[in-house]
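Asks: Read off the chains here:
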Amino acid sequence: MIELGAQSDIKLINEEGLRNDGRKFNELRPIRIEVGVLNRADGSAYIEWGGNKVLVAVYGPREAFPKHTQNPSRAIINARYNMAAFSVDERKRPGPDRRAIEISKVISEALEVAVFTEQFPRTSIDVYIEVLQADAGTRIAGLTAASVALVDAGIPMKDMVVGCAAGKIDGKVVLDLNKEEDNFGQADLPMAIIPRTDEIVLLQMDGNFSREELEQAVELSKKAATYISNLQREALMAKYKSQESEKEGERSE
Amino acid sequence: MIELGAQSDIKLINEEGLRNDGRKFNELRPIRIEVGVLNRADGSAYIEWGGNKVLVAVYGPREAFPKHTQNPSRAIINARYNMAAFSVDERKRPGPDRRAIEISKVISEALEVAVFTEQFPRTSIDVYIEVLQADAGTRIAGLTAASVALVDAGIPMKDMVVGCAAGKIDGKVVLDLNKEEDNFGQADLPMAIIPRTDEIVLLQMDGNFSREELEQAVELSKKAATYISNLQREALMAKYKSQESEKEGERSE
Amino acid sequence: MIELGAQSDIKLINEEGLRNDGRKFNELRPIRIEVGVLNRADGSAYIEWGGNKVLVAVYGPREAFPKHTQNPSRAIINARYNMAAFSVDERKRPGPDRRAIEISKVISEALEVAVFTEQFPRTSIDVYIEVLQADAGTRIAGLTAASVALVDAGIPMKDMVVGCAAGKIDGKVVLDLNKEEDNFGQADLPMAIIPRTDEIVLLQMDGNFSREELEQAVELSKKAATYISNLQREALMAKYKSQESEKEGERSE
Amino acid sequence: MSAVSKSADEIVYGLRREYLEKISAEGNRIDGRKFDETRQAVVNINFVPRAEGSAEVRLGDTRVLVGVKVEQGEPFQDTPNSGILTTNAEMLPMASPTFESGPPSEDAIELARVVDRGIRESKMIALDKLVIKEAEKVWVVFIDMHILDYDGNLIDACSLGAVAALLNAKVPASKIGAEDYPLPINHVPITITFAKIGSIMVADPNLEEEEVASARLSVATNENGDVVAMQKGLSGSITQQELFSAVDTSIKLGKDIRKRVLGR
Amino acid sequence: MSAVSKSADEIVYGLRREYLEKISAEGNRIDGRKFDETRQAVVNINFVPRAEGSAEVRLGDTRVLVGVKVEQGEPFQDTPNSGILTTNAEMLPMASPTFESGPPSEDAIELARVVDRGIRESKMIALDKLVIKEAEKVWVVFIDMHILDYDGNLIDACSLGAVAALLNAKVPASKIGAEDYPLPINHVPITITFAKIGSIMVADPNLEEEEVASARLSVATNENGDVVAMQKGLSGSITQQELFSAVDTSIKLGKDIRKRVLGR
Amino acid sequence: MSAVSKSADEIVYGLRREYLEKISAEGNRIDGRKFDETRQAVVNINFVPRAEGSAEVRLGDTRVLVGVKVEQGEPFQDTPNSGILTTNAEMLPMASPTFESGPPSEDAIELARVVDRGIRESKMIALDKLVIKEAEKVWVVFIDMHILDYDGNLIDACSLGAVAALLNAKVPASKIGAEDYPLPINHVPITITFAKIGSIMVADPNLEEEEVASARLSVATNENGDVVAMQKGLSGSITQQELFSAVDTSIKLGKDIRKRVLGR
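So the protein sequences, as listed, match chains C, F, D, Z, S and H.
Start counting the first sequence at 1; every next residue gets the next number (our numbering).
Start counting the second sequence at 254; every next residue gets the next number (our numbering).
Start counting the third sequence at 507; every next residue gets the next number (our numbering).
Start counting the fourth sequence at 760; every next residue gets the next number (our numbering).
Start counting the fifth sequence at 1024; every next residue gets the next number (our numbering).
Start counting the sixth sequence at 1288; every next residue gets the next number (our numbering).
In short, the hints are calculated from the structure, not lab data.
Nothing false has been slipped in among the hints.
Computed beta-carbon distance windows for the label pairs:
hint: 1; chain 1: S; residue 1: N1104; chain 2: C; residue 2: T226; range: 41 to 51 Å
hint: 2; chain 1: C; residue 1: D97; chain 2: Z; residue 2: K929; range: 26 to 36 Å
hint: 3; chain 1: S; residue 1: E1234; chain 2: C; residue 2: E180; range: 38 to 48 Å
hint: 4; chain 1: C; residue 1: Y227; chain 2: Z; residue 2: G832; range: 38 to 48 Å
hint: 5; chain 1: F; residue 1: R464; chain 2: H; residue 2: Q1359; range: 44 to 54 Å
hint: 6; chain 1: C; residue 1: D97; chain 2: S; residue 2: Q1264; range: 31 to 41 Å
hint: 7; chain 1: H; residue 1: I1298; chain 2: F; residue 2: Q496; range: 27 to 37 Å
hint: 8; chain 1: F; residue 1: E472; chain 2: Z; residue 2: I770; range: 34 to 44 Å
hint: 9; chain 1: D; residue 1: D665; chain 2: F; residue 2: F369; range: 55 to 65 Å
hint: 10; chain 1: Z; residue 1: D939; chain 2: S; residue 2: G1286; range: 49 to 59 Å
hint: 11; chain 1: H; residue 1: P1367; chain 2: Z; residue 2: G936; range: 35 to 45 Å
hint: 12; chain 1: C; residue 1: D97; chain 2: S; residue 2: G1096; range: 12 to 22 Å
In this text, all values refer to a predicted model and were calculated from it rather than measured experimentally.
In this text, a Cβ means the ideal position worked out from N, Cα and C, and glycines have one as well.
Please put together the full structure from these sequences, using the hints given.
Replies: Written out as C-alpha cells, the structure is:
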C-alpha cells in the first residue's frame, strides 16, 4: 500500500454507501471462470475477476527435477506466480521479483494443504499462474483458478481452495478491494480457505485493523468463499457437460 | 542497422562507381587466414578480413559436460561467438549479450550441417570464436575461420563451410559491406554455404531487398564463396607444407 | 588505497612521534578474542581488533557439496569472507564483490597450509568470516579468529595461523594501520605466519616500500604475531577453563 | 552407432520423422493442409486494456499474447531523434512441458530478435515521430510476447501478434499534457515461416512438423512485396531454389494475411 | 508409501514430531515454557557504532544483528514527499548447517518482507519527515538483518532487532550541513509468531518446535492493540478460532515486550 | 588415505611433481632455464588499432591480448579530481581445456586485481591529469585482458601487456573538441612471479612448473627499485629469506625487462 500525502482527500464510499465502482460493502466484483483452456498443459483454468485476468496451467505429477528437490514421501507443489510485463500500469521487468517469490511460496503452501501429495512421492506438481492483467487481488484470483486447474489435471484433492479478500476503506470493512481501494484504503486481508473443513490455508494482512474489524473482515471473506466455491464447481461442470454433449453427439452420429 | 535522420546525406558510392574504400561492387575486402596459431587448442585458425580480426579455437570431440547435454546419437556443436570488450568503438561489457547468443546459435547450426557429428556420440565439439577487432561481417569471418580450425583439429567434415555477405548501399547491391556501409546502407545478407553441394547453411537478412535484388545478392555471395573456399584450402596447405618441410629438415639432419 | 589530491596535508604522526590514535609506531590496537560464541556452528570465535568486529564460524569436516568439488585425497578449505552491509560508512550491497572473492581465496590458501587436510578426504571445512564492523585490517583479524575457531571445531592443525599488518605513514614504517592511516598512508602489508615454523602463509602488499622499509615492516609484523599468538591461546584456555569449572561445579553438586 | 544403443524415444522419433517425410513426398501434410497453407489465425486485439496495445493470437493450437507498453525514456546517444523499440519473448513453462523457468533460453532470444528484426527493418513504426524532446526524452515502445500454448511456429504467431498489437496501440501523450494518439505506423510486415521436411518446404509448421524438420526459414515481407528480414534456423540446409520459392510464397501469403486477418 | 522405504531421517523426524505433539496435547513444551510464553529476549543496542542504528538480539539461542543505514537517495516518482524504507535479510551460512551461500532463498525473502510489512504498515517511521528536497532527495532507510545463530523464530528476532535499531537510529543530517537528529518514530510494532503443533498454537517456537509445526502464524500489533500485519506460513492450516486466539495473545505479549524489553 | 584409492591422474601428478622437485634440487629446470631466467617475451603493440591502446604479449607459449579503452564517465564521489582505472581479465575457454565459460572465476578475479594493484599502486597512470570537469566528468581507463593461450604465469604476461598497452595508449580528447594526447604516465611497474618447487623459487614458471608449485609469489617493482605490490598465492608457504631473495630478483629482472622489452 503506497502512502500518499493527500490520502485523506480521496473518498472511496459515497453518501449512499456505495463504492467507487457501485458495489455495496459486501459485494464481490464479477467473476468468470473457464476450465481446460490450454492444449499442452495437463490441466488449466482462466479467471476474470474484476479487471484481473489470470491464466493457470498445471503440469504433473511428474518426476521432480533437479533430483535433489525430490521428496521421497510426497509430491512437492511448485506454484509460480508471474506477472506479465504489460499487466500493470508501469511496465514490469520480466522475471520474478521478491514480491512474486513470496506470493509463489504462500500459494504453494496453501495448495499443499488440499492436495493428497503423499500419493505421488518424488514428483512435482507445477502450477503456473500468469497474471495477464492486474487489478488488485491477483494472488487470490490465481489461487482460486489454480484449484480448478488442479482438478482439471486430475490431481486428487481434499477439496478445492477458495481465495477471497476483505479490506478497509474510509474506515469501513468491505469485501474484495479493487485497485483504487487497495491503493488508498487502510487495510487488506487476502485469505484462502477450504470450504468443506473451514480451514484457513492462506492468510496475509497489512494495514490497520482493530480486533473487531478483523473479525468482520474474516466473516465477509468466509461468506464470499462459499459463493466462489460454487463458481468453481459450475465452471468444472460446464466443461464436463460440454464433453458429455460432444460424446452424446458422437454416439448419435 | 542504426537509422539516422541524416541517412540520405551520406554517399557510399562515388561517381566512378567505387565504394568508400575504393572497392568495386563485387569486390571483397582483403582476407588472410592462418592455421594452427594456438598451442593448447586441438585446432585453431586466425582470420583477418578487412578490419576484422578473429581468432578461433576448437576443442573436442570431448565428453559433453554437464552430462544432461549429451546426445546419445551424435556430437553437439557448441560454437561460442564472443566480442572482446575493446573490439568495438564503444567498450562492450564482457560476457555474452543477446546478439552474441543468437549468432552463436546460427553458427553452431551451420557447422552441424557440415560435421559428421554422428561419429562422436555423447561428445561436444567446442568452437570458440573471439572477435578481437570488429569491422562488419564478424559472424561470417568467424564461421569461415571456424571451418578451418575444425579441419586443423582433425574433425571429419563433408566440406568446409564458407561465409560471405552481400548488401545494398545507395540502392545498389554490393558484396561484403564494411562498417560504414553496414551502418548507412539499406540491407545486409550474411550467408554461408557448403561449396561442394551448394547448400545454404546460414542465412540471415535485414533491411530491404526486392525479389530481384535478393537474387543478385545471393549470386554475388556465392561467387565470392568459391574464392574464399580456396583461401581456406591454401591456408591449410601452407600449414601442412611447413610441417612437411620441418619433417624434411628433420630427416636430412 | 584511495588517492586524494590533498594527500600531503594530512598529518598522521605528531611531533612526539605518536599516531592519530595515540599509539607508538610499533604498537598494536587493542585486541580481544572470544571462543565458542555460537551454538549451531562446530566451532566459532569473535574478535575485536581496534574498531573491527569480526565473527567466525566453522562447519566441518563435512561431505563436500556439490560432489564435483570433492578432492579424493584431502579436505578443501572453503573460507568465505563477507562484509555486513552496515559494516562500512557507505552501505555495501549484500553479496560477494570482487574484493571479497580475492580475500576469501587468500585466506583459504593460508589456512590450508596449517590444517592437516589430508586426514579428511572428500570433505569441506567451511570457514565463514563475517565482518560486522570494519576499521582497516579486517582480513587479518578474520584470519586470526578463523584459526581459533578451527581449533574450537576440533580440526587438527600444525599450528594456528596469526595475521598481522604493517604499513607506511608519513614516510615511516608502523605496525597495524587503522582506517585513517590506511586511507592516507603510503603502503600496507597484510601478512600471516605460522609462528612455530616462521612460515609466511599470506602476503599481500600495495603502496610503496623500499627494500629496507619492507624488511622493517616484515620484522614489525613478525614480532607482533608472537604477541597475538598468545592472545589466541589465552582465549582458547579461557574457554576450556570455564568448561572445566562448569564440570567441577557439576561434580561438586 | 548401432541401432541397439538407441533409446525408445529415438526410435519413435525416427519413425515419426520417416512417416512425415513419406507423406510430404506424396504431397500431403499430417493435418491435411497444402504445403503453402497456413493454419487459421485468430487475432483478438485489445485483450489487455491496461496495456497501450495488445493482441492475443491463436495460430491453430498455438496461442500467444503480445502486450505493448509505451513509456518515456532517454534516447540512445547515437540516435537523439528517434524513439526506441525493444522486444522480449517469454517462453513460459505454462506453454509446454519442454519450456523451463529462468532467464530466456537461446530459443527465446532468437525468437525475440527475429520478430524484432521484421518490425525494425521494415520500418513499421515511425520512430522519428516518437521524440518528446530531442536528445533528452523519447517514447520507448516495449513489445512483450508471452507464449501461452505451444503447438509450433512461434515466430509467425508472435510476429502477427506484435504487428496487430502495434497497429492498435496508442502513445499515452496525455501523461505529458498532450493528447493520446495512435502509434505512428509506416508499414505492415508479415512473417511466414517454412519447415523443410525431407525435401519439401511447408508453410506454418505445426509442432509435429517442426520437430522432424531439418531446416527452418522465416521470411518477412512488406506490403510492397519487398523482403525486409530473413532467418534460417535448425541444423539442416536449404537450396537456393527452396529459398526463392519460400520468398515467393511468403510474399503471396503475406498479402493474404495482411488483408484477411489485419484488414489492411 | 510403505514405511520400509522411509529413510532413517524421516523415521526420526516422525518420532520427534509425535513426541512434541504428545507433550503439547498434555499442556507441555519441550523447554518447559507455557504455550504463550516467549523465550528471554536480550537486546544489545548500538552494537555497530559505524551504522546509523544497530541492535543485536538474542531470543533464546537465536541471535541476529540488525544494522540501519540512512543515506541520501531519490524518492519514488509516485511518492515525492516520502522517504524510502528497504529491508533485507541475510540467512548467513554461519548460522545453520542448513543455510546456503548465494542469493537470498525464498525463506530469506519472505522473512525480510514480513518484517518490512510490520514496520511499514504500522507506519512506525514517519517517512514524510525524511524529505530533504521534494521529488529530488530523500533519506533512504536501509534495514539489514544478519542471522548469526539459528534456533528458530527468525521473524520475531529480526522484527525486534529492526524495531530496536530504528528506535535508536539517527538521521545523519550533518552530512548535508544540518544537525543529526533521531529517526522520527510514530509507532512501535511488535510481532509475535506462533507454531501449530498438533492442535496447539505455541508462541515463539524454538527450532525443534518449528521443525515439527504444521503451520506458522505471525501477528504484528501496535501499541493501541491494532493488528498491522499478519502472515500464515508452512503447508498446514489454522482454524478461525486459532487465528483469533493468536491475535489476542499477540496483543498481550506485544504490550509486555514493548514495555519490558524496549522500555516503551 | 592409502595409495590404492588414488586415481591414475593423481599418481601421474605425484610423479611429475617429484621429478620437477628433484631436478630443481639439482639446479635445473624442465626447459633448461636458470632459476632467475624468464622466458622470451614478445610484445606486439597496437594489435587492435580500434582500441585506444593494445598489446599482444607472448611469454613463451603463453599468449594474451590486452586492450585499453578510454571513455568519458563520472568520477567517484570521494575522488572528484581523479580519472578512473578499471581492470578486467577474461580467462577465455579458448586458452585452455581447464578454463570454463561463464562469469569470472576466482582465479580470473585474483589475476585482474593483482595486475590492477601493480599499476594502481605504482601510480603508473597520472589519474589527476584525466579530469575533464572536476566532480562531473573524467576519463575512465578500461584495461581488458584476454587470455588466448595458456602456458603458465598469466600474472606477468598480463601485467606486461597492460603496461605496454598503457604506454602506447592515447586519450581520445578529439571526441570532446580537443586534441588526442598520449595517456599521461608517471612510472613503469614490472611484475615478476615466482613458483616454489620443492624449496626452490623459480622465476616466470611455465604451466608444468605452476602445476606442481606449492606457493607462488608475485612482486611488482618500479624503476626506482621500490616494491609497489605483492601477492602470495597457492596453498603453501614461503620463508622470509625466499621472500627477500624474490624481491631482489624481481628488482633485477624488472630493470632488464623495462629496458630490453619496453625500451625504457
